[in-house]
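For the sequence shown, the positions run 1 to 136 when the numbering used here is used.
Hint data in this document are derived by calculation from the structure and do not stem from the laboratory.
Virtual Cβ for every residue (Gly too), placed ideally from N, Cα, C.
Heads up, some of the hints might be wrong.
What the hints assert, rightly or not - Estimated spans, in silico, between C-beta atoms of each pair:
(1) His74 / Thr100: 27 to 33 Å
(2) Gln58 / Leu91: 18 to 24 Å
(3) Arg73 / Val97: 32 to 38 Å
(4) Phe70 / Ile39: 16 to 22 Å
(5) Asp96 / Asn42: 32 to 38 Å
(6) Ala23 / Leu98: 18 to 24 Å
(7) Ala94 / Glu26: 18 to 24 Å
(8) Asp96 / Arg29: 38 to 44 Å
(9) Val97 / Ala23: 22 to 28 Å
(10) Tyr76 / Ile51: 24 to 30 Å
(11) Trp72 / Val97: 15 to 21 Å
(12) Lys6 / Lys82: 19 to 25 Å
(13) Thr100 / Lys6: 22 to 28 Å
(14) Ser59 / Tyr27: 25 to 31 Å
As the list claims (entries may be wrong) - Okay, derived cross-link-like pairs now, DSSO-like style, lysine-lysine, Cα gap no bigger than 27 Å in a straight line:
(15) Lys44 / Lys10
(16) Lys67 / Lys44
(17) Lys44 / Lys25
(18) Lys25 / Lys82
(19) Lys10 / Lys67
(20) Lys10 / Lys82
(21) Lys82 / Lys44
(22) Lys10 / Lys25
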Amino acid sequence: MVHIPKAVYKAVYAHLYENASLALKEYWRVGNVPGITYIDENGKPCNPTYIHVNCIMQSLESRGVVKDTFAWRHHYYLLTEKGEQFIRRELDLADDVLPTPFSKPSIKPPQYAQCFSSKARPDGASQPKPDEATKA
Numbered sequence: 001m002v003h004i005p006k007a008v009y010k011a012v013y014a015h016l017y018e019n020a021s022l023a024l025k026e027y028w029r030v031g032n033v034p035g036i037t038y039i040d041e042n043g044k045p046c047n048p049t050y051i052h053v054n055c056i057m058q059s060l061e062s063r064g065v066v067k068d069t070f071a072w073r074h075h076y077y078l079l080t081e082k083g084e085q086f087i088r089r090e091l092d093l094a095d096d097v098l099p100t101p102f103s104k105p106s107i108k109p110p111q112y113a114q115c116f117s118s119k120a121r122p123d124g125a126s127q128p129k130p131d132e133a134t135k136a
């Protein structure tokens with residue numbers, strides 16, 4: 001049994017909820033996970049160790065919160081719908097807060113009408129006529 005600080009749990013849950021996935025190397029006994037940061041008891045930002053994150057993810061997998069896929073010496077954990085509800089309850093999040101991959105993009109679609117207009121180009125040059133383009 002490994003003692004894992006509560007701050008590590010919250011950091012892993014927040015990262016998993018934000019990205020809806022987590023990738024870990026197969027050899028997880030040494031080193032820190034670079035993508036996850038938490039504040040330790042001294043107030044310093046730290047990265048959790050692979051063994052802590054792997055223990056948390058194995059626990060979540062056994063509960064059906066995440067789905068594990070193993071390929072090329074990496075574990076890929078994907079958040080399930082049950083997992084989304086579990087983490088939302090653990091982190092005390094509102095129902096309108098969605099993971100980033102599931103939220104709607106705020107980018108406007110491109111304006112194609114401007115690309116195909118028959119007006120002159122912005123640099124001042126006129127567009128070539130169809131006959132001139134085929135001769136070149």
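Evaluated hints:
Distance hint check for histidine 74 and threonine 100: the Cβ-Cβ separation is about 21 Å, which falls outside the suggested range of 27 to 33 Å. Glutamine 58 and leucine 91 have their C-beta atoms about 20 Å apart, which keeps the hinted 18 to 24 Å range intact. The hinted window of 32 to 38 Å between arginine 73 and valine 97 holds, with their beta carbons roughly 34 Å apart. The supplied range of 16 to 22 Å is broken by phenylalanine 70 and isoleucine 39, whose beta-carbon atoms lie about 31 Å from each other.
Our hint of 32 to 38 Å for aspartate 96 and asparagine 42 holds, since their Cβ atoms are close to 35 Å apart. Separated by about 21 Å at the C-beta atoms, alanine 23 and leucine 98 satisfy the suggested range of 18 to 24 Å. Between alanine 94 and glutamate 26 the Cβ separation comes to about 36 Å, which falls outside the hinted range of 18 to 24 Å. The hinted range of 38 to 44 Å is satisfied by aspartate 96 and arginine 29, whose Cβ atoms lie roughly 40 Å apart.
Taking the beta carbon of each, valine 97 and alanine 23 are about 23 Å apart, inside 22 to 28 Å as hinted. Checked against the hint of 24 to 30 Å, the pair tyrosine 76 and isoleucine 51 fails, with Cβ atoms roughly 18 Å apart. Between tryptophan 72 and valine 97 the beta carbons are some 33 Å apart, a value that contradicts the proposed interval 15 to 21 Å. For the hinted restraint 19 to 25 Å between lysine 6 and lysine 82, the CB-CB distance of approximately 22 Å keeps it satisfied.
A hinted range of 22 to 28 Å holds for the C-beta pair threonine 100 and lysine 6, which are about 24 Å apart. For serine 59 and tyrosine 27, the Cβ-Cβ distance of about 20 Å falls outside the hinted range of 25 to 31 Å, so the restraint is violated. Restraint check for lysine 44 and lysine 10: satisfied, since their Cα atoms lie roughly 16 Å apart, inside the 27 Å limit. For the given pair, lysine 67 sits about 32 Å from lysine 44 by alpha-carbon distance, which is inconsistent with the 27 Å threshold.
Simply put, lysine 44 and lysine 25 have alpha-carbon atoms about 25 Å apart, close enough for the 27 Å limit, and the pair holds. At most 27 Å may separate the alpha-carbon atoms for a hinted pair to count; lysine 25 and lysine 82 meet this at roughly 25 Å. Between lysine 10 and lysine 67 the alpha-carbon distance is near 19 Å, which keeps this suggested pair within the 27 Å criterion. Note on lysine 10 and lysine 82: the hinted pairing holds, with a Cα-Cα distance of about 17 Å set against a maximum of 27 Å.
Straight-line distance between C-alpha atoms of lysine 82 and lysine 44 comes to about 33 Å, which puts the hinted pair past the 27 Å bound. With a C-alpha separation of about 21 Å, the suggested pair lysine 10 and lysine 25 falls inside the 27 Å cut-off, and the hint holds.
Against the hints set out earlier in the document, violations occur for numbers 1, 4, 7, 10, 11, 14, 16 and 21.
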